[in-house]
Amino acid sequence: MNDILIMIIISLGTLFILLASIGLLRMPDLFLRMSVTTKAATLGVGLILMGLAFYYTETSITTRVIAIIVFLLLTAPISAHVIGRASYFVGVKMWDKTHIDDLKGMYNTKTHDLMSGFEEEEKEEEKKESNENLNNES
Amino acid sequence: MNIDDFLAYIIMPILSTSSLLVFIRFLMGPSLSDRVVALDLLITIGIAIIAVYSIISHRPSFLDIAMIFALIAFLSTVAFSYYLEKRKRNE
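Heads up: the protein sequence lines correspond to chains A and B, in order. With the first sequence counted from 1, adding 2 to any position gets you the working numbering. The letter at position 55 of the second sequence is residue 40 when you use the working numbering, and the numbering goes up by one with no holes.
Please note that a few of the clues may not be correct.
Among the chain A residues that face chain B by a calculated CB cut under 10 Å, a handful are [said to hold, decoys possible]: (1) Ile70; (2) Ser89; (3) Trp97; (4) His101; (5) Leu105; (6) Lys106; (7) Asn133.
DSS-like mimics (lysine-lysine), calculated; alpha carbons at most 30 Å apart, straight line [said to hold, decoys possible]: (8) A:Lys95 to B:Lys71; (9) A:Lys106 to A:Lys95; (10) A:Lys129 to A:Lys41; (11) B:Lys71 to A:Lys130; (12) A:Lys129 to B:Lys71; (13) A:Lys129 to A:Lys99; (14) A:Lys106 to A:Lys41; (15) A:Lys41 to A:Lys99; (16) A:Lys129 to A:Lys106.
Because the hints were derived from the structure by calculation, they are not lab data. Yeah, the Cβ is synthetic: ideal placement off N, Cα and C, and Gly gets one too.
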């Protein structure tokens, strides 16, 4: 009974890893590829490691498995974000059918500062506040 | 069906096939970022293969190597993207 449970968990994990690799091969664009691989591969490896923990049922191994899973869950989004940001700066082309690019024009490509798009309004508000302060003082 | 046979004859070939598919993308990859993403996924599949192999061979000490692999995958991706960004800035 326990063996069948382990088999089902590990098969599910393997299925997710296979789907992630097919997605990496078939998707048309770097950003779409990243969105496929990061989530599916992390889930697949987590399921396989859970199956390993159920197989041994020892405290030391379960602790290591939990450590690996937590580390993967922490680092996978960070590494995906970092490589996506770097490749956006380098100028990796998007897919032809991707129409929405919210970051277009928001990044300063030399200093790598992110603008919010409300810079002018903020400046006007600061001017108003300083004028009000001056009026109050006088 | 024994669990060792199941893992050795069904799970391991599927994992090997998926790592082969990722390696094709690693060779094809139009840009450098594609190769970095493929390398990251390749190491992640390596962790899964190590976990399955430690069940087949009854040696739980292989898990330490899987932990180090997870560390190296994160470090390599961050380092690659750091230098990718820096190279663009210097040009």
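Now for the hints, and whether the structure bears them out:
{"no.": "1", "hint": "Ile70", "in the structure": "holds (5 Å)"}
{"no.": "2", "hint": "Ser89", "in the structure": "holds (4 Å)"}
{"no.": "3", "hint": "Trp97", "in the structure": "violated (12 Å)"}
{"no.": "4", "hint": "His101", "in the structure": "violated (21 Å)"}
{"no.": "5", "hint": "Leu105", "in the structure": "violated (15 Å)"}
{"no.": "6", "hint": "Lys106", "in the structure": "violated (17 Å)"}
{"no.": "7", "hint": "Asn133", "in the structure": "violated (39 Å)"}
{"no.": "8", "hint": "A:Lys95 to B:Lys71", "in the structure": "holds (19 Å)"}
{"no.": "9", "hint": "A:Lys106 to A:Lys95", "in the structure": "holds (13 Å)"}
{"no.": "10", "hint": "A:Lys129 to A:Lys41", "in the structure": "violated (46 Å)"}
{"no.": "11", "hint": "B:Lys71 to A:Lys130", "in the structure": "violated (40 Å)"}
{"no.": "12", "hint": "A:Lys129 to B:Lys71", "in the structure": "violated (37 Å)"}
{"no.": "13", "hint": "A:Lys129 to A:Lys99", "in the structure": "violated (42 Å)"}
{"no.": "14", "hint": "A:Lys106 to A:Lys41", "in the structure": "holds (25 Å)"}
{"no.": "15", "hint": "A:Lys41 to A:Lys99", "in the structure": "holds (23 Å)"}
{"no.": "16", "hint": "A:Lys129 to A:Lys106", "in the structure": "holds (28 Å)"}
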